[in-house]
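Asker: This is what each chain is made of:
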Amino acid sequence: MVKDLKNLDEVTIRFAGDSGDGMQLTGSQFTTTTALLGNDLSTLPDYPAEIRAPAGTLFGVSGFQIHFGSKEISTPGDTCDVLVAMNPAALKVNLRSLRDGGIIIANRDGFNDKNLKLAGYDKNPLDDGSLEKFQLHSVDITKLTTLAIRELNLSTKVVERSKNFFALGMMYWMFSRPLESSIKWIQEKFKKSPEIVDANIRVLKAGYNFGETTEIFLARYEVKAAELHPGRYRSMTGNEATAWGLLAASAKSGLDLFLGSYPITPASEILHELSHHKNFRVKTYQAEDEIAGITSAIGASYGGAIGITTTSGPGLALKTEAMGLAVMLELPLVIVNVQRGGPSTGLPTKTEQADLLQAVHGRNSEAPIPVIASCTPAGCFDAAYEAVRIALKYMTPVILLTDGYLANGAEPWLIPDVNSLQDIDVKFHTDTKNFFPYSRDEKTLSRPWAIPGTPGLEHRIGGLEKEHITGNVSYDAENHDFMVNLRHQKIEGIANDLPDAIIEGDNTGDLLVVGWGGTYGAIKTAVQKKRIEGKSVSHLHLKYINPFQKNIGDILKKFKYILVPELNLGQLSQLLQAKYLIPVIKLNKVQGLPFKANEIEAKIDDILR
Amino acid sequence: MNLIDETLKDTPKIPVQKYTPKDFQSDQDVRWCPGCGDYSILAQVQRVLPELNIPKHDIVFVSGIGCSSRFPYYMDTYGFHGIHGRAAAIASGLKVARPELSVWVATGDGDGLSIGGNHFIHLCRRNIDIKIILFNNQIYGLTKGQYSPTSEFGKVTKSSPYGSPDHPFNPLLVALGAEASFVARGLDRDPKLLQTIIRRAAEHKGTAFMEMYQNCNVFNDGAFDLFTDKETKDDNVIVLENGKPMIFGKEKDKGLKLEGFTPVAISLKDGKHTVDDLIVHNEKNTMLSFILARMTNLPNLPRPVGVLYAVERPTYEHEVTKQIESSINKQGIGTLEKLLAHGETWIIK
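Chains as they are written, first to last, in the working numbering: chain R, 1 to 609; chain G, 1001 to 1349.
Source of the hints: derived by calculation from the structure; they are not laboratory data.
In this text, a Cβ means the ideal position worked out from N, Cα and C, and glycines have one as well.
Please note that the accuracy of each hint is not assured.
Claimed, not checked - With a cut-off of at most 25 Å between alpha-carbon atoms, the simulated BS3-like pairs for lysine-lysine come out as follows:
# : chain 1 : residue 1 : chain 2 : residue 2
1 : R       : Lys191    : G       : Lys1018
2 : G       : Lys1244   : R       : Lys278
3 : R       : Lys189    : G       : Lys1338
4 : R       : Lys278    : G       : Lys1330
5 : R       : Lys192    : G       : Lys1330
6 : R       : Lys92     : R       : Lys71
7 : R       : Lys278    : G       : Lys1338
8 : R       : Lys443    : R       : Lys433
To be verified - From the derived model, a few chain R residues whose C-beta atoms are all more than 12 Å from chain G:
#  : residue
9  : Tyr121
10 : Tyr233
11 : Thr265
12 : Arg281
13 : Thr295
14 : Leu445
15 : Ile451
16 : Gln574
17 : Tyr580
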């Protein structure tokens, strides 16, 4: 059957179903296949905090959105073009994100009386005409799945579980994607149960063939490869990239990595990923709590390893006292905070950027810690690498901020050349002549790293104030004042080591949009669109928040207006206003969701009206 | 220094020089209150360490907060004065990162069992090869006299003017309950016994827990007089020796026997009992260790001191090293090039 083949520049698809329906798996399979075809892409997994919320309920809906195209893609998409809804709840929750005229693929079998009632529908929306403005395709996915593997005599449970592959198969057909990558994945993943391999592959193909043979789909689409920078690519999520960045820094510095961590959403995958790479001599220590996570890492750093601890917001709060200790000890340490919605337990599976002030200031007394933020999922690699580099060079704890959106989102990553990574030279102090634990390197102000096991350098360190040079405990008033200033200077001095911040757009103009962290893609998309419309707007995205890069002040002065969009109530705004004494316009959203580009566009229009 | 090769080495290092206790004394003034029991514990540690044949640069003392936690400053080894309650966690990270080091924790009853209770039990269960010296004086000293988690029920202190409503912890039972592989109790005023325990703990492969009764003569003076005073000591303390029957008393005329699971103190002079009726100490007997530890708070029974329990089981850091070695054997040592090429990749021209 020949169908109309339409070319598209970009598409956004959202898979939605019960949290047990395997929508995250479906989405990530579609992502891998799409990446392999050379499209640029960005994803947004969106799932409930409950492991398996009651089936059919509105709060149990799990979604996965992918935006892909033959052009550069910076966000997971503001609205979707296709919604795959496995049940009425999934339809109800996600319908508002579907554009008018968009395609709905509904699993008709999931729209039974019970599920309709749970989702609060009086009538079946598939039949009552309420979805008129969309292209509705109602498919008996469960029944067709059952038929496809009827002869395998599998339990109803297994059949139920396979139906997501039917949906995936249909989408592969609709968007002209090959099945090979997913078939390979199924074979590998379920190699211990051949009957499951067989079932899933049959269902996947059945879904594909359904698209091929039935009349219901009017068109088939093609999205050509994007014109990306040449080179070797792989798909990366933020958490994977963070783990790999840390591994890379370990390899480049020749130091062992020690991760002390307590599982917490959405940071746990960093622990999972690193625990797989034991042949890098990585030691992952699943601690009894957050405090043991960081203090064990400090102990490891004291011993000469790269101590790392990973967590999310409430976990960072628990680590606070130990961060102060690390400041006092002047030992390298990297604290990764994958931010999530708060306060307290907040929205564990949703994103937010509201821990910025906690990262910059959240300790007792004057305890300066460098803060670095990643802007994109793949960018977490460089950010993590840079965090280790600074920690080792300046003998200081460093906080790396990512967020739930970056952590779980995926994008193609141009694999870097190993030689292009900045060198990390580490020398443990071994010279016994005139050794003082708190003497300092003139340039970096860092103290020597003399690790246990080094003959003749036996010394004592701890959380009590240190006497300058000797490191002996000192309660002397003048010394304390001096040391507080010295530690402050050391961190401020890191600014000399940072590259200048680069503006995307013109260096001067009416409006500068300043962002940090995971809002990068949305801001970039919005600014680019407005620039095409001829508006005088540029974009500055901060990767370093403490200290700021040296040219930030000058940049800010060259624009009439400064807009700071943040997923908090204005934390970067506060820092910028305090430091540079300039007024900023805030755009804040605290919904557990990333910005949509059009939200930023609207604000830009508003300001430049 | 090549850290990577060092950590894989399992051969014990021998110091080039013979040490004396003086070699382990740092240049810092010891600032405990005059008459504090800590002095004795410090002296015994400094006496035993030279005998262990461990280079002193391979020894690290880690502590939390409290009077006892000043301990590392007074040792001329590597030392780490941490934050309240976290010594066990800091030491764990250090030992796992550097298994070849000899790592010791100095902590108090407040530091180790109150704020640090969580880390303490997890260190015990993991069996990381760390030596824990718990200075138990049943009071908060550094914060000037509040009741601690080992203070007796009803104790009147600054924070409990009407008597403490808290039931105390028994540190030995906590350690045993958390699966510690070495559990002992010593007395600050019995240097010989302390030395034996410290030596045994040092030689033990795994978490070694030492509860040391330590007199705080400022805030809780005399808490352990019954067990340390010459007059009362012998009748109220039983010194455990592996393989020996449990005899105690000034005239070695008393013993412990078991009636069912209940230990009973008997007289060897009453004509009804002989040495053959007594419990023979067995450090490897798990059930016995609990019975002995439980005796602490039971009336009419002597307080057991010495090594209650000592069994060998694999250490955490050994298991970690094993996994790393086997992973390297299987996949080869990880390199950045291999990592970046790993997984599904594609080329864009």
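Asker: Against which earlier hints does the structure fall short, listed by number upward?
Answerer: Structure breaks hints 1, 2, 6, 10, 12, 13 and 15.
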